[in-house]
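Trainee: Taken in sequence, the protein lines are chains A and B.
Residue 0 is where the first sequence starts when you use numbering that gives the first Met the number 0, and the numbers rise one by one after that.
Residue 0 is where the second sequence starts when you use numbering that gives the first Met the number 0, and the numbers rise one by one after that.
Check before you lean on any hint, since a few could be wrong.
[Said to hold, decoys possible] For lysine to aspartate or glutamate, the following EDC-like pairs were computed, each having C-alpha atoms within a straight-line distance of at most 20 Å:
hint, chain 1, residue 1, chain 2, residue 2
1, B, Lys381, B, Asp294
2, A, Lys130, B, Asp275
3, A, Lys118, B, Glu268
[Claimed, not checked] Simulated coverage check for chain A against chain B, where a stretch passes if three residues somewhere in it have a Cβ under 8 Å from a Cβ of chain B:
hint, stretch
4, 126 to 132
5, 213 to 224
6, 242 to 253
7, 258 to 268
[Stated by the list, open to error] Reference excerpt, derived from the structure (chain B facing chain A, CB under 7 Å, subset only):
hint, residue
8, Gln221
9, Gln251
10, Asn272
Hints in this document: simulated from the structure, not taken from any laboratory.
Because the structure is a prediction, the values reported are computed rather than measured.
Glycine included, every Cβ here is placed at the ideal spot set by N, Cα and C.
Okay, here's what each chain looks like letter by letter:
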Amino acid sequence: MLLQLLIGGIAVGCIYALIGLGYSLIYSASGLMSFVQGEIFMLGAYVAFTIYVGLGVPFLLAVLIAIGIMFAVGMLLERSMISPLLRRGSQQIHIVLATIGLSIFLKNLAMIVWGSDVKNFPSSFGESPIKMGGVSISPQQIAIMVVTLACMVLLHFFMSRTKLGTSLRAAAQDPMAAGVVGINVPLTVGMAWALAAVLSAIAGILLAPIYGVYPKMGAILSTKGFAAAVLGGYGNMYGAIIGGLIFGVVETMAAGYLSSSFKDIISFGVLIFVLFVMPHGILKVKAD
Amino acid sequence: MKRELGWMLCGTMLINLLSGCGGGSDAAGGESATSGTEGAIKIGYFGPLTGGTAQAGQAALNGVQIAVNELNESGGILGRQVEIVSYDDKSSPEEAVKAATKLVQVNKVNAIFGSLHSANVQAAGPVIEESQTLCVAGGTSPTWLEQGYTYLFRSISNSTVSAKQLARYANDQGYHKIALFTSNDEYGTSGADGFKSACADYNIEFVANETMTNGDRDFTGQFAKITAAVPDAVFIWCLGDDLGAVTKQMRQSGFSGPILGSESYTLPEILQNAGDAANGVCFAAQYLVYENPEDAEDQNMKTFLEAYLEEFGAAPASDNAFRAYDGVKMIAEAMETSGVDHGAELREAYNNIDGYVGLAGTFSYKGKNGEGIDSMRIFEIKDGKYIEAE
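Generate coordinates for the entire structure from the input sequences, incorporating the hints supplied.
Mentor: Encoded structure:
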């Protein structure tokens with residue numbers, strides 16, 4: 000059972016990590032906090048659902064289109080809402096409020112557009128679990144782990160090896176100096192928001208076959224993704240990954256060995272404890 | 000960094016605060032009260048019209064509508080036309096109390112059908128009892144009728160009946176090791192308790208007892224525990240909006256044996272959401288939700304479905320339509336026999352209903368504390384279709 004719980008916990012943790020990465024990316028690129036990630040997650044699932052099930056586009060193509068759309072949504076969000084607000088002298092708290100407002104707006108919009116019932120998103124990897132020894136893993140869980148790993152590796156190389164990634168980090172460290180040396184700061188910040196949206200949307204698409212697609216699917220996940228980011232060290236990419244995995248495993252173990260009613264108490268208890276001992280989270284901010 | 004953490008704290012608090020409000024205001028209070036015509040009989044309705052169980056609530060309201068249409072076409076009740084006053088209780092007990100209070104104090108309705116959620120009926124109970132308004136509800140938990148209310152009635156059998164039927168079925172099939180998986184609310188807790196006490200007569204052992212919170216979607220830990228216990232069957236008792244995901248994940252976690260389920264499995268939506276995962280589910284229910292009137296064997300059911308299809312253009316999304324229809328028709332019956340439209344005499348007349356044949360079967364209320372029916376059939380889901388089990 001330990002192994003079963005561990006694998007289940009890692010799969011759930013991967014999703015938290017993907018959402019947490021989004022929070023951290025936004026924070027490290029613009030020093031801001033966005034609370035709309037959960038709804039972006041939901042929107043990603045709905046967009047993919049509409050293209051894949053509604054229009055009958057082949058799965059991989061549908062996912063690519065959905066990711067493209069969500070990239071644009073993230074960019075648009077930064078360009079049309081966040082940066083105009085900043086230009087008018089909004090403070091951090093106003094941005095936080097604006098994103099919370101947007102999240103409520105999107106949730107209700109989804110209810111109007113798609114209805115409040117749960118939509119079935121068929122798994123393209125098959126429904127029957129694979130048994131290995133005493134452990135059974137669903138193909139979707141494997142897909143979650145593989146895709147998350149791929150996303151992390153890609154993101155790592157993007158940030159450390161490409162020109163755009165380097166300029167993104169530079170813009171985050173000192174926007175003015177970055178601007179002086181010719182980096183297009185607004186573009187890179189928009190890029191960070193867009194990437195965060197893509198990561199959340201991927202998490203949504205990965206989880207849709209397990210959870211089903213419905214307007215409130217992002218509500219719990221956004222809190223847990225946020226917790227993952229805080230646990231790992233807010234603003235640190237690698238921290239978000241570690242935080243997400245720890246959170247997922249602790250939560251699943253608590254549900255498995257103790258009681259499911261203690262699940263959230265224990266996982267959020269660990270979060271409070273870690274912050275108490277290490278106020279910066281597990282990894283210090285801006286380790287890179 | 001201290002400052003930033005402060006912001007984070009602010010943010011989390013705010014998001015909790017706001018999402019709390021957000022959930023509550025998903026749709027502005029659903030009052031669709033028709034203006035009161037002098038002398039009309041007012042039937043109140045409260046139930047979920049927004050949120051996760053909105054489809055069930057809407058189906059119930061539609062059921063009320065069909066009953067009222069029928070009554071009005073044949074001259075109304077006591078020669079007076081009937082109208083509906085409806086409120087959305089958003090599946091929350093607080094909202095249910097508000098809705099019930101409005102119905103009895105502001106709209107002064109003659110009788111009520113509502114709600115579908117046992118917790119909501121229980122919460123609204125005192126208000127209804129105090130106003131001496133007859134209220135027929137569709138929630139299946141036995142608890143709210145055990146509180147001594149005299150004005151509350153149920154238009155479906157309670158969950159202990161289906162628990163008893165399922166326990167007998169489990170024993171007949173030779174399931175001796177059963178794992179329980181229930182929601183941790185009133186519905187799930189009473190369902191599990193009912194099943195456990197019904198199993199006491201048989202050689203049945205409970206190898207796991209896991210719970211979930213309504214709306215949660217991660218059951219990895221619970222299901223790992225259940226599969227590790229290697230049960231002969233799993234007993235699942237959750238609300239309809241969770242069942243699809245629960246069933247699917249149960250199968251994905253590697254359990255392929257029989258599932259003994261709650262009557263919420265009658266929702267066609269679950270068949271669609273769970274897909275093949277729902278095969279092998281057995282449940283006890285009064286009726287099935289037919290997509291096509293032709294499939295119904297019962298003449299009453301056929302007539303009802305045809306009227307429903309004509310009025311709303313689609314088959315009912317939930318069996319709550321049947322509960323509501325039966326409830327309103329019996330309220331009308333009680334009004335006709337007693338000749339009064341409110342209060343103690345009406346309550347007495349309803350309590351005297353004996354042998355009324357509705358969609359659910361034959362109702363007899365006398366001496367049963369508000370319960371009217373106690374028979375059910377066992378259905379099985381096979382190849383994505385409902386069949387009656389032997």
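Trainee: Evaluate each hint against the coordinates.
Mentor: Cross-check of the supplied hints:
1. Between Lys381 of chain B and Asp294 of chain B the CA atoms are separated by roughly 17 Å; this keeps the pair inside 20 Å, and the hint holds.
2. Restraint check: the Cα-Cα separation between Lys130 of chain A and Asp275 of chain B comes to about 19 Å, which is no more than 20 Å; the hinted pair holds.
3. About 9 Å separates the Cα atoms of Lys118 of chain A and Glu268 of chain B, which keeps this hinted pair within 20 Å; it holds.
4. As drawn, the stretch 126 to 132 of chain A meets chain B at 4 residues by the rule of a beta-carbon pair under 8 Å; at three or more, the given contact holds.
5. Note: the stretch 213 to 224 of chain A has 7 residues with beta-carbon separation from chain B under 8 Å; the three-residue rule is met and the coverage holds.
6. A count of 4 residues in the stretch 242 to 253 of chain A with a Cβ less than 8 Å from any Cβ of chain B is obtained; the coverage claim is therefore met, three being the minimum.
7. Note: the stretch 258 to 268 of chain A has 4 residues with beta-carbon separation from chain B under 8 Å; the three-residue rule is met and the coverage holds.
8. Proximity of Gln221 of chain B to chain A holds as hinted, the smallest CB-CB distance being about 5 Å (cut-off 7 Å).
9. Checking Gln251 of chain B against chain A: minimum C-beta separation of about 4 Å stays under 7 Å; hint holds.
10. Restraint check, Asn272 of chain B versus chain A: the minimum CB separation of about 5 Å is within 7 Å; hint holds.
Checked against the numbered hints given earlier, this structure breaks none of them.
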